[in-house]
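Enquirer: Below, each chain spelled out in residue letters.
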Amino acid sequence: MEYLIIIISAIFVNNILLAQFLGICPFLGVSNKLSTATGMSGAVCFVITLATVVTFLLNKYLLVPFGLEFLQTISFILVIAALVQMVEIVLKKISPSMYQALGIFLPLITTNCAVLGVAITVVTKEFTFGAESHMLNLAQAVVYALATSVGYAIAMILFAGLREHLAGNDVPKSFKGLPIALITVSIMAMAFLGFSGMV
Amino acid sequence: MALCLTAVCLICSSVLAGVYALTFEPIKAASQKALEQSISAVLPEGLELSEAAVANQGGQTYEYYAASKAGETAAYAVKSTVIGFGGPLTLMVGILADGSVYNTSVLSHSETPGLGAKCTSDAKFMEQWKGFPANANFSVKKDGGDVDAITASTITSRAYTLAVKNAVDVVKSLSK
Amino acid sequence: MSKLSIITKGFIKDNPTFVLVLGMCPTLATTTSAMNGLEMGLATLFVLVLSNMVISAIAPLVPDKVHIPVYIVVIATFVTVLQFVMQAYTPGAYQTLGLFIPLIVVNCIVLGRAEAFANKNGIVDSALDGIGIGLGFTASLTVIGIVREILGSGSIFGWKFISGDGILAFVMAPGAFLALGYLMVLFNKFLKKN
Numbered sequence: 001m002e003y004l005i006i007i008i009s010a011i012f013v014n015n016i017l018l019a020q021f022l023g024i025c026p027f028l029g030v031s032n033k034l035s036t037a038t039g040m041s042g043a044v045c046f047v048i049t050l051a052t053v054v055t056f057l058l059n060k061y062l063l064v065p066f067g068l069e070f071l072q073t074i075s076f077i078l079v080i081a082a083l084v085q086m087v088e089i090v091l092k093k094i095s096p097s098m099y100q101a102l103g104i105f106l107p108l109i110t111t112n113c114a115v116l117g118v119a120i121t122v123v124t125k126e127f128t129f130g131a132e133s134h135m136l137n138l139a140q141a142v143v144y145a146l147a148t149s150v151g152y153a154i155a156m157i158l159f160a161g162l163r164e165h166l167a168g169n170d171v172p173k174s175f176k177g178l179p180i181a182l183i184t185v186s187i188m189a190m191a192f193l194g195f196s197g198m199v
Numbered sequence: 001m002a003l004c005l006t007a008v009c010l011i012c013s014s015v016l017a018g019v020y021a022l023t024f025e026p027i028k029a030a031s032q033k034a035l036e037q038s039i040s041a042v043l044p045e046g047l048e049l050s051e052a053a054v055a056n057q058g059g060q061t062y063e064y065y066a067a068s069k070a071g072e073t074a075a076y077a078v079k080s081t082v083i084g085f086g087g088p089l090t091l092m093v094g095i096l097a098d099g100s101v102y103n104t105s106v107l108s109h110s111e112t113p114g115l116g117a118k119c120t121s122d123a124k125f126m127e128q129w130k131g132f133p134a135n136a137n138f139s140v141k142k143d144g145g146d147v148d149a150i151t152a153s154t155i156t157s158r159a160y161t162l163a164v165k166n167a168v169d170v171v172k173s174l175s176k
Numbered sequence: 001m002s003k004l005s006i007i008t009k010g011f012i013k014d015n016p017t018f019v020l021v022l023g024m025c026p027t028l029a030t031t032t033s034a035m036n037g038l039e040m041g042l043a044t045l046f047v048l049v050l051s052n053m054v055i056s057a058i059a060p061l062v063p064d065k066v067h068i069p070v071y072i073v074v075i076a077t078f079v080t081v082l083q084f085v086m087q088a089y090t091p092g093a094y095q096t097l098g099l100f101i102p103l104i105v106v107n108c109i110v111l112g113r114a115e116a117f118a119n120k121n122g123i124v125d126s127a128l129d130g131i132g133i134g135l136g137f138t139a140s141l142t143v144i145g146i147v148r149e150i151l152g153s154g155s156i157f158g159w160k161f162i163s164g165d166g167i168l169a170f171v172m173a174p175g176a177f178l179a180l181g182y183l184m185v186l187f188n189k190f191l192k193k194n
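Residue numbers (the numbering used here), protein chains in the order written: chain A, 1 to 199; chain B, 1 to 176; chain C, 1 to 194.
No lab work stands behind these hints, which were simulated from the structure alone.
For each residue, glycine too, the CB sits at the ideal point set by N, CA and C.
Some clues are possibly wrong.
[Said to hold, decoys possible] With a cut-off of at most 25 Å between alpha-carbon atoms, the simulated DSS-like pairs for lysine-lysine come out as follows:
#, chain 1, residue 1, chain 2, residue 2
1, A, Lys125, B, Lys33
2, A, Lys176, A, Lys125
3, A, Lys125, A, Lys33
4, C, Lys9, C, Lys160
5, B, Lys79, B, Lys28
6, A, Lys33, A, Lys92
7, A, Lys93, C, Lys120
8, B, Lys28, A, Lys60
9, A, Lys173, C, Lys3
10, B, Lys69, B, Lys33
11, B, Lys172, A, Lys125
12, C, Lys3, C, Lys13
13, A, Lys176, A, Lys33
14, B, Lys124, B, Lys141
15, A, Lys173, C, Lys13
16, C, Lys9, A, Lys176
17, B, Lys124, C, Lys160
18, B, Lys28, A, Lys125
19, B, Lys79, B, Lys33
20, B, Lys142, B, Lys33
21, B, Lys79, B, Lys124
22, C, Lys13, A, Lys176
23, C, Lys13, C, Lys65
24, C, Lys189, A, Lys176
25, A, Lys92, C, Lys13
26, B, Lys142, B, Lys124
[Stated by the list, open to error] Far from chain A by the CB rule (all over 12 Å, computed), these chain B residues:
#, residue
27, Cys12
28, Ser13
29, Thr23
30, Pro26
31, Gly46
32, Thr81
33, Ser105
34, Ser110
35, Gly131
36, Ser139
[Unchecked claim] Covered stretches of chain B (in silico footprint by chain C; criterion: 3 or more residues with CB under 8 Å from a CB of chain C, positions within the stretch not fixed):
#, stretch
37, 1-7
38, 88-101
39, 144-157
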């Protein structure tokens, strides 16, 4: 039951892009084409989940026992940067085809605030289930990270589909490019607002 | 190359450790002050606060602070969390020893702006809790109770009422 | 480039929000009111100026291969300092801005200025650049905050001029995208120089 609440809440109710505003820069940057949007979503899913596991363990077994919580921000971002580098190297060696598909997005992910955002949220925020509220354990944190990145992918791919159609339309000059895209996102966010109160 | 990165990391962490040590006391004082303010806002003046304590009620744990006058416990401030419309809704509820509500205040919420979020600003809704009797029916009028709900925000009002009721139950079990 | 133009370029020519389109996350998330926008802008300004200065000082010593991690560590240090200072002296603002304070680390504006300006200019110029871009960011956030607060809650900097509510959508998520979209249209129409 708790897992279901986490999943629904992370994908729809508190969608990371449309309700929490995390990871907007790549969202606006690479959503021009459906294929790049799909590639970016895949890479983000992978890194968010991996980074959450590593930072969760780092926080629980290193930072908290030694009273080093003040190094949280700095160590998390270093871990994420190192992880992204490692994923890039490993992917290049073991699966060149996947590297071809995701490779160009990987360096961009270090500064994607969705990754750091999820990592920090998992270790600092209490989640509420029914009448109870407590911190997530490792399994729940992984589910939360996965569900959040699925929410990211859904919003990203939907938006890329809309934007491909938008490109062929004749919009006023001042609206061209980002402004019309932002107004489209606004309407999508309004639709996602309908999920609020569900969990 | 690795040396440079290590050096930078070391310098930065020691700078941070220093700043952490410097700001440790002010941070503690600031959060203590915020807590005391939130408690004194819901209790009568001139009471002496005791340390935080924990009570178990209905399978949930509640943090509470007893306040005494001349050695006798006169009131309690209970921190009570429920699920509102948009997420957790946490209240500080001030309750006199006889179980009647003295005042309530919202510590944190994620209700819809302009609708449920009015539980922090709607005067009519907030005023009704002052002196709300212990034996009243803790549910909104729509459900046959004594609580005036916020217009168009029944779910938030229900949650708020439940939070107050839970707090009152905690005090009832404490003074038994 | 004169010292003055280093500062003023952040407002129109190199405006981080409307021209460079960087740091969108805090821009959308924290501008529910004018005051929140202003606070977020100033917090970013603080980190931007200090990290720009330090990075311009150490840039010649840092080997090329590790310069990005080193810059990130420097930026993260100042962000953590900012977290402590805000927790101690402005706990209210720290709570409202929440997650977006630690996330200044990954704000592309800060790393962007380190890469584009601070690592090839002097300390004074880098500080001025940080002030300019930071003020430009603060100004944009405050303007978006003012627009959303006027439309959404019928008030300005907390001072209410209508009784009752505004158009609530503007305080919520969709209004953030909508307000930014239309402000960008106005900016393109009247201020952008091609």
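Enquirer: Taking 25 Å as the top limit, are the C-alpha atoms of Lys124/B and Lys141/B close enough?
Expert: Roughly 14 Å separates the two Cα atoms, so the pair holds.
Enquirer: Is it the case that Ser110/B keeps its Cβ farther than 12 Å from each residue Cβ in chain A?
Expert: violated (9 Å)
Enquirer: Confirm or reject: Thr23/B is not an interface residue toward chain A, with every Cβ-Cβ distance exceeding 12 Å.
Expert: Violated, since 9 Å does not exceed 12 Å.
Enquirer: With d taken as the least Cβ-Cβ distance between Pro26/B and chain A, does d exceed 12 Å?
Expert: holds (14 Å)
Enquirer: Any Cβ of chain A at or closer than 12 Å to Ser105/B, or is the non-interface label fine?
Expert: Non-interface label on Ser105/B holds, nearest chain A Cβ at 19 Å vs cutoff 12 Å.
Enquirer: Take the C-alpha atoms of Lys28/B and Lys125/A, compute the straight-line distance between them, and say whether it is at most 25 Å.
Expert: holds (19 Å)
Enquirer: Hinted pair, alpha-carbon criterion (25 Å max): Lys173/A, Lys13/C. Please report holds or violated.
Expert: holds (19 Å)
Enquirer: Regarding the pair Lys92/A and Lys13/C, is the alpha-carbon distance no greater than 25 Å?
Expert: violated (40 Å)
Enquirer: Hey, Lys93/A versus Lys120/C, does the alpha-carbon distance stay inside 25 Å?
Expert: violated (35 Å)
Enquirer: Hint check: Lys176/A vs Lys33/A, CA-CA at most 25 Å. Holds or violated?
Expert: holds (16 Å)
Enquirer: Check the hint pairing Lys172/B with Lys125/A against an upper bound of 25 Å on the C-alpha distance.
Expert: Violated, at roughly 31 Å.
Enquirer: Would you mind confirming whether the straight-line C-alpha gap from Lys9/C to Lys160/C stays at or under 25 Å?
Expert: violated (34 Å)
In summary, the structure is inconsistent with hints 2, 3, 4, 7, 9, 11, 20, 23, 25, 27, 28, 29, 32, 34, 38, 39 from the numbered list given earlier, while agreeing with the others.
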